[in-house]
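Given chain F's structure and the hints, the job is docking chain S with the ligands onto it.
Number of protein chains: 2
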Amino acid sequence: MSPSSLPESWRFDGRLVMVGFGCIGQGVLPLLLRHLKMRPDRLLVLAPEQGLGDYAAMTEAAGVRYLPLALTPENYQQALDGQLSAGDFLLNLSVNVSSVALIGWCQAHGVLYLDTCIEPWLGGYIDPALGLAERTNYALREAALALRHKPSRGPTALLTHGANPGLVSHFVKQALLTLARDQGLPDAQPCGQQEWAGLAERLDVRVIHIAERDTQSGGPRKQLNEFVNTWSVEAFVDEGRQPAELGWGSHERALPADGRRHQAGSQAAIYLQRPGAATRVRSWTPLSGPMHAFLITHAESISIANYLTLGDPARPRYRPTVHYAYHPCDDAVLSLHELAGRNWQLQSRERVLKEEISSGIDELGVLLMGHASGAYWYGSRLSIGRARELCPHNSATSLQVTAAVLAGVLWAIRKPDQGLLEPDELPFEEIIGLCGPYLGEMVGAYSDWTPLQGRGWLFDETLDLDDPWQFCNFRVT
Amino acid sequence: MSPSSLPESWRFDGRLVMVGFGCIGQGVLPLLLRHLKMRPDRLLVLAPEQGLGDYAAMTEAAGVRYLPLALTPENYQQALDGQLSAGDFLLNLSVNVSSVALIGWCQAHGVLYLDTCIEPWLGGYIDPALGLAERTNYALREAALALRHKPSRGPTALLTHGANPGLVSHFVKQALLTLARDQGLPDAQPCGQQEWAGLAERLDVRVIHIAERDTQSGGPRKQLNEFVNTWSVEAFVDEGRQPAELGWGSHERALPADGRRHQAGSQAAIYLQRPGAATRVRSWTPLSGPMHAFLITHAESISIANYLTLGDPARPRYRPTVHYAYHPCDDAVLSLHELAGRNWQLQSRERVLKEEISSGIDELGVLLMGHASGAYWYGSRLSIGRARELCPHNSATSLQVTAAVLAGVLWAIRKPDQGLLEPDELPFEEIIGLCGPYLGEMVGAYSDWTPLQGRGWLFDETLDLDDPWQFCNFRVT
Ligand SMILES: NC(=O)c1ccc[n+]([C@@H]2O[C@H](COP(=O)([O-])OP(=O)(O)OC[C@H]3O[C@@H](n4cnc5c(N)ncnc54)[C@H](O)[C@@H]3O)[C@@H](O)[C@H]2O)c1
Ligand SMILES: NC(=O)c1ccc[n+]([C@@H]2O[C@H](COP(=O)([O-])OP(=O)(O)OC[C@H]3O[C@@H](n4cnc5c(N)ncnc54)[C@H](O)[C@@H]3O)[C@@H](O)[C@H]2O)c1
Chain F
320 MSPSSLPESW RFDGRLVMVG FGCIGQGVLP LLLRHLKMRP DRLLVLAPEQ GLGDYAAMTE
380 AAGVRYLPLA LTPENYQQAL DGQLSAGDFL LNLSVNVSSV ALIGWCQAHG VLYLDTCIEP
440 WLGGYIDPAL GLAERTNYAL REAALALRHK PSRGPTALLT HGANPGLVSH FVKQALLTLA
500 RDQGLPDAQP CGQQEWAGLA ERLDVRVIHI AERDTQSGGP RKQLNEFVNT WSVEAFVDEG
560 RQPAELGWGS HERALPADGR RHQAGSQAAI YLQRPGAATR VRSWTPLSGP MHAFLITHAE
620 SISIANYLTL GDPARPRYRP TVHYAYHPCD DAVLSLHELA GRNWQLQSRE RVLKEEISSG
680 IDELGVLLMG HASGAYWYGS RLSIGRAREL CPHNSATSLQ VTAAVLAGVL WAIRKPDQGL
740 LEPDELPFEE IIGLCGPYLG EMVGAYSDWT PLQGRGWLFD ETLDLDDPWQ FCNFRVT
Chain S
320 MSPSSLPESW RFDGRLVMVG FGCIGQGVLP LLLRHLKMRP DRLLVLAPEQ GLGDYAAMTE
380 AAGVRYLPLA LTPENYQQAL DGQLSAGDFL LNLSVNVSSV ALIGWCQAHG VLYLDTCIEP
440 WLGGYIDPAL GLAERTNYAL REAALALRHK PSRGPTALLT HGANPGLVSH FVKQALLTLA
500 RDQGLPDAQP CGQQEWAGLA ERLDVRVIHI AERDTQSGGP RKQLNEFVNT WSVEAFVDEG
560 RQPAELGWGS HERALPADGR RHQAGSQAAI YLQRPGAATR VRSWTPLSGP MHAFLITHAE
620 SISIANYLTL GDPARPRYRP TVHYAYHPCD DAVLSLHELA GRNWQLQSRE RVLKEEISSG
680 IDELGVLLMG HASGAYWYGS RLSIGRAREL CPHNSATSLQ VTAAVLAGVL WAIRKPDQGL
740 LEPDELPFEE IIGLCGPYLG EMVGAYSDWT PLQGRGWLFD ETLDLDDPWQ FCNFRVT
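For the protein sequence lines, the chains are F and S, in the order given. For any residue, its number in the working numbering is found by taking its place in the first sequence, counting from 1, and adding 319. For any residue, its number in the working numbering is found by taking its place in the second sequence, counting from 1, and adding 319.
To be clear, the hints were calculated from the coordinates, so they are not data collected in a lab. Everything hinted at is true.
On the chain S side, residues computed to face chain F include the following (Cβ under 8 Å):
(1) Ile-445
(2) Pro-447
(3) Thr-534
(4) Leu-543
(5) Arg-560
(6) Met-610
(7) His-656
(8) Ala-659
(9) Arg-661
(10) Asn-662
(11) Trp-663
(12) Trp-776
(13) Leu-777
(14) Phe-778
(15) Asp-779
Predicted, not measured: the structure shown is a model, and the values here were computed from it. Beta carbons are placed, not taken as given, at the ideal position from N, Cα and C, and that holds for glycine.
In isolation and in its complexed conformation, chain F is listed as follows (with noise of 0.2 Å):
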């Protein structure tokens, strides 16, 4: 597939406001531009950038406008009053605003949605009023999902519809779709939760990683008090400060010491009283192999592992263990590394590679475990010449997230009553047929890793060797 064979003109007459011109909005809107049939005049970019410099410059090129604005918990209805009706889009792509608080305005005034993270207001992530559990992303999710309590369906929200969390969950379906075709099962495609929990539970899919290697590297090296990452170094490090979080099978015999379930809520997943950037698990991809990677806490495993449930939430009959394994690139890995020795106080530079990468691939796919193959991973793996082909002002790491983003507001301008939707929820296929052509290669592959491999023959571990499947066999300790 290439990108020519996408239809090239959804028609959108509505105002489409971006709020947030980082990394993934500046990657965006050349796709918005070259897909949505729309004004360019009727598309505006809302970040607190002061318009002189590079902002003003690539917004006034697209012939979109820009609007230099900080939202905040006092400004943000009128602001959005002033600029949005019903009818009209408001795709959120900043960080540091309350993505519950705009959900709610655009519930209310008819106006469709779409963000890639549900962010709290600026400083949320590390508010030290708050205790553990309400820092947690399923403390955020409970929170936006609670607005779907409404009488009717309501205008589309798509919730966190980025790679990851986004992609993935669509990409967990059509793998188990893999293994159940390579295992023999009798081909009817599942329709409804139940059923894909039921393929799940039947070809006994115990653990799903978000497995992802990041391999991109350019410009000069991570120097001493600077944070580098081809993404937000901001989103990245108040995830990374976020307490690990995991979606927490039902095939798992021993909650961590440092694991807490919540009070409330779905019971899909479970935290860790640590830091997931603190927190190592063994994970695999094709290119790298076996590696160590990092727990980080994401929307998509609580989404999917609550998908994916089978029976009474707080005691399933079925559920996989679901969680991110994040190999961020070197550069962000050094970061990590320095930020913890700074007791998780923010270095004071940052810089988000894009225009610099000189070479590397984003290896990102989701791992199914503990099946009769043992391991299967598919995904996108994409390397930044490709990414730039593909579409300016991407890399890899951004055009798999833009590509998503792309492929769920051409999906929602089409949809536009569905009210809130995780994912999970969506059409998996008719998704990944939208945003294909920008992943680069999908790659589906089998591996007899797991997390005893190699194990044991330096020190004595302590290992469940009666399951390779249990947590506690993945985790670095």
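Same frame as chain F, but now just chain S with the ligands:
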């Protein structure tokens, strides 16, 4: 001081065999040729690399002889017999050659000896037939010191006299004197082990880190499946896969859960039942500030702790906790991360940075903590540029080592009958005087840093608030 302030030539009439010609050996050669008055053809380099390429060229250019040979338990005696006799010098800068075997041979043949690490024969560090305790530096040190039990003192053999182990033992003494002066203690210089330990006790030095931060980088970035370092990859990986070890202080309240004492020997140190490369500690250097570093086992952790012990070694009245806290160059941090992900199976490719280094500093010193002024770091701050000015074929890292080797060789030639000595037993001022010209800037810096600083604001942590200097407060868990 500049190198020219060193006595130009110390006459040496014997033969000198240098075993090993890697990062350190190649850096030592120009120093020896500069400061030793000896015929170059009396100097023989012995290393397994077949003499075609760079090695032969380098030695030929210097006018020294090169013998391509790998020493083994079977051939070493014969090989040395042919090259060395009483009064000659064996300079052991190899890996995979048993120091104990060479020391034994030298003692028996009246040959002077110096090494920078007590190495076992090939495979000794990871021999699965050996228990953990036998894979420690504690065990290697005991085996070497056992050779001392001879009637007379015998020919001088300097054990572990590189930068660390080596120089840092002298830095500790210099730092103790500075603390004593600054705290107004009478300035009589301690003489001998008991008095030095007594001074450390009076000053209430509880913890000593060998705190090193290497910021050198250059050349291509670390590739997948490659280990990059600023000195021997093999030696670093070997010691990183040994159990973490630390001199165990009398102020420590609780043995770590994974800590073990030894059955016999000096009792100065314990080991942890995990590799040092997987053991992080909080430490501090002047340029880096607070950092996470690796608790890699080293001979000095044991010898310094042993030297500063007062009372019954098993229940000492006084002993500081002593260990290495190493932040290697960034590419090595990434290499360690990858190595851990490979369950400690060495990467296929190795690269030692030397000529390709384009910037950076090695800050290597001792951090004395717990005394009235909190923390005091004293050591060498050497940039790559300065190192190259001072001596060709060296980096900042290697020159700190090779200068100490040079100083040890010069001293041993003047004092050829001192028997086996650890760095702690040498006259520190004389040795610092000999290598000082090559150490760049000597820096002494007080700090109010403690391992409790900045802790616990984001997550609860188990801390010993009564005594910041407990090992549990330093350790990263
Ligand atoms: N789901 C995914 O795959 C995925 C991937 C990457 C990023 N994200 C999310 O996308 C969002 C943006 O990421 P990014 O890499 O572009 O971040 P970025 O830091 O590069 O950009 C963030 C943008 O938000 C703007 N902003 C900050 N405060 C604001 C305020 N008060 N009002 C309006 N705008 C404000 C900034 O000015 C900037 O334009 C983050 O929430 C991030 O977590 C999701
Ligand atoms: N004390 C310190 O400060 C310090 C610092 C750096 C290195 N070291 C030690 O110095 C030694 C050398 O370090 P390096 O960085 O030069 O290592 P390197 O790996 O660069 O070189 C090692 C040398 O040993 C040789 N060698 C390997 N097997 C041999 C054998 N069987 N017989 C003879 N020679 C053999 C290699 O060919 C090579 O020339 C190591 O023991 C290391 O731990 C000590």
